[in-house]
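Asks: Fit chain B to the supplied structure of chain Y, relying on the hints for placement.
Chain order of the listed sequences is Y and B.
Each residue of the first sequence is one higher than the one before, starting from 8 at the first, in the numbering used here.
Each residue of the second sequence is one higher than the one before, starting from 289 at the first, in the numbering used here.
Check the hints yourself; a few may be wrong.
Claimed, not checked - Pairwise CB distance ranges, derived in the manner of DEER restraints:
no., chain 1, residue 1, chain 2, residue 2, range
1, Y, T25, B, P349, 37 to 45 Å
2, Y, R73, B, E329, 24 to 32 Å
3, B, K359, Y, P15, 37 to 45 Å
4, Y, E12, B, R352, 27 to 35 Å
5, Y, G16, B, R297, 23 to 31 Å
6, B, K315, Y, R66, 29 to 37 Å
7, Y, N72, B, R310, 34 to 42 Å
8, B, E340, Y, T25, 45 to 53 Å
Said to hold, decoys possible - Beyond 12 Å from chain B on every Cβ pair, some chain Y residues (computed):
no., residue
9, A27
10, T31
11, S90
What the hints assert, rightly or not - No farther apart than 35 Å at their CA atoms in a straight line, the calculated lysine-lysine pairs in the DSBU-like style are these:
no., chain 1, residue 1, chain 2, residue 2
12, Y, K49, B, K315
13, Y, K86, Y, K49
14, Y, K49, B, K332
15, B, K315, B, K332
16, B, K332, Y, K52
Honestly, the hints are just simulated from the structure, not real lab data.
Backbone N, C-alpha and C define an ideal beta-carbon position, used for all residues, glycine too.
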Amino acid sequence: RKEVEQDPGPFNVPEGATVAFNCTYSNSASQSFFWYRQDCRKEPKLLMSVYSSGNEDGRFTAQLNRASQYISLLIRDSKLSDSATYLCVVNKGFGNEKLTFGTGTRLTIIP
Amino acid sequence: NAGVMQNPRHLVRRRGQEARLRCSPMKGHSHVYWYRQLPEEGLKFMVYLQKENIIDESGMPKERFSAEFPKEGPSILRIQQVVRGDSAAYFCASSSIQGRAPPQHFGDGTRLSIL
Numbered sequence: 008r009k010e011v012e013q014d015p016g017p018f019n020v021p022e023g024a025t026v027a028f029n030c031t032y033s034n035s036a037s038q039s040f041f042w043y044r045q046d047c048r049k050e051p052k053l054l055m056s057v058y059s060s061g062n063e064d065g066r067f068t069a070q071l072n073r074a075s076q077y078i079s080l081l082i083r084d085s086k087l088s089d090s091a092t093y094l095c096v097v098n099k100g101f102g103n104e105k106l107t108f109g110t111g112t113r114l115t116i117i118p
Numbered sequence: 289n290a291g292v293m294q295n296p297r298h299l300v301r302r303r304g305q306e307a308r309l310r311c312s313p314m315k316g317h318s319h320v321y322w323y324r325q326l327p328e329e330g331l332k333f334m335v336y337l338q339k340e341n342i343i344d345e346s347g348m349p350k351e352r353f354s355a356e357f358p359k360e361g362p363s364i365l366r367i368q369q370v371v372r373g374d375s376a377a378y379f380c381a382s383s384s385i386q387g388r389a390p391p392q393h394f395g396d397g398t399r400l401s402i403l
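With the rest of the complex left out, here is chain Y (with noise of 0.2 Å):
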């Protein structure tokens, strides 16, 4: 079993639409969860870390579910430029250990 599981999609989504990602992860002594984002042949970016108590940042919305081992993003109102693979990443630290990336949910907002 992968430690940080994500449905690969690819999401083909319209414009304006509400889109929901899950990601599943293995080791129950995890501590910090994020979500980035990666556009083609760039780098990661930090998207929005999740706290336990659920965090929203604009269209954004994180929630963490430690019991079943669950995180999920939500993107209300998306735009085109919300185009792009989102990763679900784990660390069992509170910063400096490594991450643990899933592989990856490939979004696409269709006009």
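Replies: Chain B in isolation, oriented as in the chain Y frame:
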């Protein structure tokens, strides 16, 4: 540009040659991480270094690969006697001191092609 700097952006080597990839962390960051991304795959951790110390090298292949982060200068990932399977994007990330530290920030990557 105060971000993580990697060079070269693209590197072409023939089988058997050596590849040297460089990474300068963000200003104020003392922790460096190297990751490898094979085509159509996710990023895989290779090694975590602080100045003059290797903290975690659990992701490094046992042979041909080495990394350093000297007191002065950038971190270097060195691959000796490269093979076709070494073709990948190599990303460096950095973070600040331990504690409730912010997440890792990535450089643009070095794309290594082996002929």
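Asks: Taking the hints in turn, state whether each one holds.
Replies: Going down the list of hints, with the structure as the test:
With their beta carbons about 42 Å apart, T25(Y) and P349(B) fall inside the hinted range of 37 to 45 Å. Restraint check, R73(Y) to E329(B): a C-beta distance of roughly 27 Å satisfies the suggested window 24 to 32 Å. For the pair K359(B) and P15(Y), the supplied restraint of 37 to 45 Å holds, since their beta-carbon distance comes to about 42 Å. At about 30 Å, the beta-carbon gap between E12(Y) and R352(B) stays in the expected band of 27 to 35 Å.
Here the CB-CB span from G16(Y) to R297(B) is close to 28 Å, well matched to the stated 23 to 31 Å. For K315(B) and R66(Y), the Cβ-Cβ distance of about 31 Å falls inside the hinted range of 29 to 37 Å, so the restraint holds. About 41 Å separates the C-beta atoms of N72(Y) and R310(B), a value consistent with the hinted range of 34 to 42 Å. Checking the proposed 45 to 53 Å range against E340(B) and T25(Y) shows it holds: the Cβ atoms sit about 49 Å from each other.
Consistency note on A27(Y): stated as away from chain B, and its beta-carbon is indeed over 12 Å from all of that chain's, at 20 Å minimum. For T31(Y), the condition that its CB be more than 12 Å from all CB atoms of chain B holds, with the nearest at approximately 14 Å. Against chain B, the non-interface label of S90(Y) holds: every CB pair exceeds 12 Å, the least being about 18 Å. Under the criterion of a C-alpha separation no larger than 35 Å, the hint pairing K49(Y) with K315(B) is consistent with the structure, at around 21 Å.
For the suggested pair K86(Y) and K49(Y), the alpha carbons sit about 19 Å apart, so the restraint of at most 35 Å is met. Straight-line distance between C-alpha atoms of K49(Y) and K332(B) comes to about 16 Å, which keeps the hinted pair within the 35 Å bound. The hinted pair formed by K315(B) and K332(B) meets the criterion: a straight-line CA distance of about 24 Å does not exceed 35 Å. With a C-alpha separation of about 16 Å, the suggested pairing of K332(B) with K52(Y) holds against the 35 Å cut-off.
Every hint, counting from the list given before, is met by this structure.
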